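Peer 1: Sequence:
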Amino acid sequence: MANIFTYTFFIIGLFLIIKGGDIFVDSATQAAKMLKIPNFIIGATIVSIATTLPEIIVSVQATVTKNVDMAVGNAIGSVTANTALILGLFITFMPFEIKRHDIFFKGISMILAIISLIIGCVITKKQTLQFKGESKEYYFLSALGVTLLISVFAVFIFENIKSIKKEVKNDENDKTFTVKEKVLCTVLFVFGAIGTVIGARLLVSQGTQIAKNLHISQRVISVIAVAIGTSLPELVTALSALKKKSGTLSAGNILGANIIDLTLILPLCSLISIARGSGELAVSASSVSMDMKICLIVICIAVLPTIITQKFQRWQGILLLLTYGGYIYFVVK
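Using the numbering used here, the letters of the sequence shown map in sequence onto residues 1 to 333.
The set of hints was computed from the structure by calculation and includes no laboratory data.
The model shown is predicted, which means the values in this text are computed figures rather than measured ones.
For glycine and all other residues, C-beta sits at the position ideal for the given N, C-alpha and C.
Incorrect hints may appear among the rest.
[As the list claims (entries may be wrong)] Once the Cα atoms are required to be at most 30 Å apart in a straight line, the calculated DSBU-like pairs of lysine-lysine come out as:
1) Lys-66 to Lys-293
2) Lys-333 to Lys-126
3) Lys-66 to Lys-126
4) Lys-245 to Lys-99
5) Lys-311 to Lys-99
6) Lys-106 to Lys-333
7) Lys-136 to Lys-293
8) Lys-19 to Lys-243
9) Lys-182 to Lys-212
10) Lys-333 to Lys-19
11) Lys-245 to Lys-126
12) Lys-182 to Lys-19
[Said to hold, decoys possible] Okay, the calculated beta carbon distance ranges per label pair:
13) Leu-35 to Phe-5: 38 to 48 Å
14) Phe-330 to Val-155: 27 to 37 Å
15) Ile-4 to His-101: 42 to 52 Å
16) Tyr-329 to Val-190: 41 to 51 Å
17) Lys-162 to Ile-307: 34 to 44 Å
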């Protein structure tokens with residue numbers, strides 16, 4: 001019976017963080033318009049971060065509660081799931097052409113981000129630590145790694161602002177909002193924020209309990225169940241794009257989300273870890289030696305051939321799905 005409640009609360013947490021995240025982002029966007037913030041700034045920041053909000057909140061909550069394997073596993077696992085599973089499925093069913101300039105910057109940024117992350121970890125001294133009853137070897141996300149990741153994030157946001165500014169014809173927010181609209185926006189903003197926080201707490205606490213019940217590590221549950229769960233917004237966007245036959249939209253959304261997952265979440269978690277007196281963010285040796293390398297491999301499969309051919313081809317999708325299937329098999333095994 002206890003297991004049923006655990007799984008039920010895990011699913012409720014997933015629902016709350018996704019739905020709460022949607023409400024939070026919509027109300028935040030509306031609030032930004034009320035404050036007369038330019039459209040291109042809203043598009044480049046709030047909207048860009050929107051689909052990654054579940055991953056951000058879950059990883060931050062996991063860091064605060066010292067579930068470091070879940071914090072890191074969720075971020076890396078989400079990028080792998082987005083690329084290998086969601087993008088893999090998409091281009092298997094609908095291969096499409098894409099202009100080189102639409103893929104080059106984001107693709108190279110992703111590769112630089114994951115390489116920076118690996119380097120930022122392996123240059124530190126490996127130590128045996130114990131978290132939540134699990135004793136194993138850990139690296140640490142060094143100051144160099146954090147600096148490199150934040151640099152990639154800053155360049156990504158800067159380029160986003162430049163590109164969106166070119167596309168937005170009317171950059172003024174001249175609409176006048178009524179008192180009722182302002183109150184409703186505030187209420188939704190608060191409820192959305194509360195929903196994401198409660199959802200994150202449920203997801204982390206129940207995910208940890210599920211790992212204990214199944215006698216598997218937090219890393220395993222986070223790179224599979226939690227990562228796929230928090231990637232559902234990207235999946236919904238991909239399915240919508242598939243229906244509309246808009247491959248470039250789906251690919252752009254996934255690649256953008258991946259960059260934010262890698263360059264914002266982990267530095268943020270590291271800073272929180274330091275602020276709470278726990279030192280640099282601990283990253284399990286298993287995550288560095290397997291999860292990050294698989295993440296780099298699937299990114300290269302998705303990006304490099306596409307930059308050369310200007311096409312997402314079916315063989316890439318099939319190879320991505322096979323790689324992901326093999327990865328899940330070895331993680332569970």
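Peer 1: Taking the hints in turn, state whether each one holds.
Peer 2: Consistency of the hints with the structure:
no. : hint                           : result
1   : Lys-66 to Lys-293              : holds (24 Å)
2   : Lys-333 to Lys-126             : holds (24 Å)
3   : Lys-66 to Lys-126              : holds (18 Å)
4   : Lys-245 to Lys-99              : holds (16 Å)
5   : Lys-311 to Lys-99              : holds (8 Å)
6   : Lys-106 to Lys-333             : violated (33 Å)
7   : Lys-136 to Lys-293             : holds (19 Å)
8   : Lys-19 to Lys-243              : holds (22 Å)
9   : Lys-182 to Lys-212             : violated (45 Å)
10  : Lys-333 to Lys-19              : violated (33 Å)
11  : Lys-245 to Lys-126             : violated (47 Å)
12  : Lys-182 to Lys-19              : holds (21 Å)
13  : Leu-35 to Phe-5: 38 to 48 Å    : holds (42 Å)
14  : Phe-330 to Val-155: 27 to 37 Å : holds (34 Å)
15  : Ile-4 to His-101: 42 to 52 Å   : holds (51 Å)
16  : Tyr-329 to Val-190: 41 to 51 Å : holds (43 Å)
17  : Lys-162 to Ile-307: 34 to 44 Å : violated (20 Å)
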